[in-house]
Amino acid sequence: MRTLLALEDGRYFEGESFGAIGTRVGEVCFNTAMTGYQEVLTDPSYRGQIVAMTYPLIGNYGINSLDQESRSPHVRGFVIEELTQIPSNWRSEMSLDEYLRRWNIPGGQEIDTRALTRHLRTRGAMKACLTTEQISPAEATQRAIEGEGVIGMDYVREVSTNKIYRWDPEDKFSVPWSIAGNGETKRALPPIKFQVVAYDYGIKENILRLLRQKGFAVTVVPAATPADVALALNPDGIFLSNGPGDPAALPYAHETVHDLMGKKPIFGICLGHQILGFAFGGSTFKLKFGHRGANQPVKDLRTGKVAITAQNHGFAVDAESLPTDVEVTHINLNDRTVEGMRHKELPIFSVQYHPEAAPGPHDATYFFDQFAELIEKQK
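Heads up, the sequence shown is in our numbering, so the first residue is 1 and it goes up one at a time.
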């Protein structure tokens, strides 16, 4: 069956459909990771977006329940060059095609995703319509124009938990996967050292796993939880998670984090980093085409060291908007945008990228250790 991807500027791509049939409109973005498509599909930060993978062959290892970053996929559509029809992996439970059908998400294959990526890099992020309907490119383009984008959208309320809960892994062991070991290896979880409250703006499962593996007991709270409610849980620290949408559309989160400043150590990631920027008194701006992939170079301005990082964001903190008591600690070497910051007086720091990876390199997992050290110093 034919599928059509029409961009709001009139450019369109035709291909073959897979997954569900139907029409979806959203901002189209690209991810440059070679693996990790399941984690991409289930990352709440992609809420409201159509995702294109630049790597040409997708689906070769199938889908399995252990690699989920949330209970369901969040993308509106999925665009690839070539679909593997028969996956080959000992953990595979179903094919990518079956998975998208199950969750009613349309996909498009045989689309030149690298040409699409070059177009978006030149023209910037934009809305798109992905459809299996027999409509003209002009009609699909009009639907893209009329559809909602990301600017001004609060998708956090759609993905955040609606209740406070204590997160406990089902398995009391951490589970690092080892190809060399031909399967699963287990290491007992460390004893709990600190209690943290994690604000769920769209938190990924691997963030929760890593927090627990670093000795944190985690209580997850809804995004709109007032500061006094979070503090009443008597945490040792506050964690601000990743999430979707426009950080400027979350004034309730800005106010809450501002109220928490100076009361407990705070560590923010991705959207949590951007919310912290607003709480500091700064602002954000929309990137031309975003940073999404597992190969973004980031420089630590304090040490001069460079790490390759996993990223997924379309907005960035404006360095010029930050007050003098906030220091920019990390920058992206591709475009010099802010990738990390810290308060000079208060125990608060954040990074724009994903130290928990999933997918991506593990160069930056040490930030969870730094969070523990920061809490220890405040005791």
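Accuracy of the hints is not assured; some may be wrong.
Lysine to aspartate or glutamate pairs mimicking DMTMM-like chemistry, simulated, CA-CA at most 20 Å apart [stated by the list, open to error]:
(1) K379 / D369
(2) K299 / E320
(3) K288 / D228
(4) K263 / D228
If you're looking for bench data, these hints aren't it; they were derived computationally from the structure.
Hint-by-hint comparison with the structure:
no., hint, verdict
1, K379 / D369, "16 Å, holds"
2, K299 / E320, "18 Å, holds"
3, K288 / D228, "38 Å, violated"
4, K263 / D228, "11 Å, holds"
Hint 3 from the earlier list is the only one contradicted by this structure; the remaining hints agree with it.
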